[in-house]
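Sequences and hints are given; from them, build the entire structure.
Top to bottom, those sequences are chains D and Z. Just so you know, we're using our numbering here: the first sequence kicks off at 1 and counts up by one. Just so you know, we're using our numbering here: the second sequence kicks off at 1 and counts up by one.
FYI, nobody ran anything at the bench for these hints, they're computed from the structure. Each hint should be verified, as a subset may be incorrect.
Stated by the list, open to error - Think about it this way: if two alpha-carbon atoms lie no more than 30 angstroms apart in a straight line, the pair counts; the simulated DSS-like pairs of lysine-lysine are:
id : chain 1 : residue 1 : chain 2 : residue 2
1  : Z       : Lys289    : D       : Lys127
2  : D       : Lys138    : D       : Lys122
3  : Z       : Lys168    : D       : Lys86
4  : D       : Lys165    : Z       : Lys289
5  : D       : Lys79     : D       : Lys117
6  : D       : Lys117    : Z       : Lys168
7  : Z       : Lys274    : D       : Lys124
8  : D       : Lys122    : Z       : Lys274
9  : D       : Lys8      : D       : Lys58
What the hints assert, rightly or not - Below, a sample of chain D positions facing chain Z; criterion: calculated Cβ distance under 10 angstroms:
id : residue
10 : Glu60
11 : Arg97
12 : Gly111
13 : Glu194
Unchecked claim - Where chain Z lies over chain D, by a calculated footprint (3+ residues, C-beta under 8 angstroms):
id : segment
14 : 28-39
15 : 169-177
16 : 185-192
No residue lacks a Cβ here, since even glycine has one placed at the ideal position from N, Cα and C.
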Amino acid sequence: MATDPILKINNIEVKYHEVILVLKGVSIEIPDGGIVALLGANGAGKSTTLKSISGLLKHEDGAVTDGSIEFEGVRIDRKSAEEISKMGIVQVIEGRRVFEHLTVEENIKVGAHRREKGVSVKDKLDKVYHYFPRLKEKRNEVAGFVSGGEQQMTVVGRALMTNPKLMLLDEPSMGLAPMLIHEIFNIITQLHREENISILLVEQNAKLALNVAPHAYVMETGRIVMDDSSETLRENPDIKDFYLGMTDKGGRKSFRDVKHYKRRKRWLS
Amino acid sequence: MDLTLLLWAVANGVMVGSIYGLIALGWVLIYKCSGVLNLAMGELTLIGAYLCLTIYTFLIKIGHPLPFASALFLTLLACIVMGYLTERIFLDRLIGEPVLTVIMMTVGLMFVFRGLVGLIWSTDTRIFDPPVFSYDAFIVGGIIIERVYLWSMVAALSLWIIFYLFFKYTPWGLSMQATADDEMAALSLGISVRFVYSAAWIIAFMTAAVGGAFLGAKNGLNISVGELSLLVLPAVVLGGLNSVPGAIVGGIVIGVLQELSGFLLDPYFPGGVKDTAPYVFMVLFLLFKPYGLWGWVRIERV
Ligand SMILES: Nc1ncnc2c1ncn2[C@@H]1O[C@H](COP(=O)(O)OP(=O)(O)O)[C@@H](O)[C@H]1O
Ligand SMILES: [Mg+2]
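This is the structure we're talking about:
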């Protein structure tokens, strides 16, 4: 029997500054303990979707103006970021936003600002170092000066400290070398399995996302245009063309195709 | 020139300057955490100082054994309430409004608070009576050091250490530092920005009150104490608006500058050299180093 989804987005409409309509009827479901990917070109509205869930939207003068968002059956679209975080949702915002002037360890400790009974900060810190051994080596370095990969690990580790049930990851692979991406995604799937954290993964790197998540949504200009299992999506000719960068024949694209792809992509975003 | 007198001026400057540095720390905290340029810092100083004096007078009357220390302590407690209310009532609503609106609000607060002080405590000079610190000074290596100066420095130093430990080792302090660095990222972890802003105002009230109480214990208390603590502006400009160590060093430098200019220039330009010098210095400094000595130049993120 299928369990209830941990998160349900029901046909939401989102506006910034009361006039800029960015999401025009988006519905997404995340199964409890599942990983779901959200794909789409730049400007499609992926980050806005995540901010609607985490409540950060309100701090950018945005609002969910229609539809609803439910987390474990409770409506959260009117709640503050603080309340939503307390319920067990954490967003890792795009761009590796470490606290630049704090050390790596201080960054991680900030995630534990809400003290819980029975769990010491030390234990939680050890858990983060268990998943990210590299961070332990860099613990006393100022976060603004460690490498991009280490910064990405720091922000995921920091998010882990809040004890999330659902983690919203915004383009964790952006700007990282393939080796590092591989390492970080291994850790993320490990976290998912061992800590039973559900994940909504936003990516422009569709190939990667479809490998990690069994189910994915595709977004274009504020609407969900596709929603299917990753297996099916991988075989979809449009996805192959626009997101995976290969033609039907599986070979490299001709110059004309690439140009067409770029044109289409520009139009999309 | 008399070297002992010169050393005396520098020593006094360092000690008075540590009070400016303390008040500047409070100012920088508000700026770092919430981006508010608070022009009412002098008035926070007045309120804290008058409150301390009132409590002191009362404790003397009832024969309390430790009147000044206890008065300071009770004033600090009151600062928690006053800082919280000021943030909630006057500034919370302006979050996200243009910078100029917020600055004008602090200008408004300046006049409101000054009016309140006049209303409650009148405009005559009040003194701590009996004096908090005895007038028999120490003599160290031929330099005369007044007790009130020495204790000012001790108070400033202790508070610096307490705040340092608070920021470094408590979850509240870390949350404040995180918010100062990247507010959106702090919000994403569920940190209450309201809490952080209130805490910044509370600490600013505390530093201002302690600073004001010592300045008042030295010279007596009237509106001019508020003007003295406006010296935080040249101090923070020197240190770079968002650097806490910069604020402390800036305060000390301004104190030394004041004493030295008084000592060296007063014979030639009788009158207010001491009051003017820090501002002349600030103007010159801004021309050459607009970010101060330790200010961050933010990396813009897109
Ligand atoms: N704070 C904001 N105010 C106004 N418009 C915004 C804001 N943030 C995003 N947008 C607009 O919303 C659209 C979607 O942006 P975003 O959700 O960041 O897309 P994605 O993450 O898919 O690249 C873009 O057109 C962007 O310009
Ligand atoms: Mg985005």
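Okay, the hints, checked on the actual structure:
no.	hint	result
1	Z/Lys289 / D/Lys127	violated (45 angstroms)
2	D/Lys138 / D/Lys122	holds (17 angstroms)
3	Z/Lys168 / D/Lys86	holds (24 angstroms)
4	D/Lys165 / Z/Lys289	violated (48 angstroms)
5	D/Lys79 / D/Lys117	holds (24 angstroms)
6	D/Lys117 / Z/Lys168	holds (22 angstroms)
7	Z/Lys274 / D/Lys124	violated (55 angstroms)
8	D/Lys122 / Z/Lys274	violated (52 angstroms)
9	D/Lys8 / D/Lys58	holds (19 angstroms)
10	Glu60	holds (8 angstroms)
11	Arg97	holds (4 angstroms)
12	Gly111	holds (5 angstroms)
13	Glu194	violated (22 angstroms)
14	28-39	violated (count 0)
15	169-177	violated (count 0)
16	185-192	violated (count 0)
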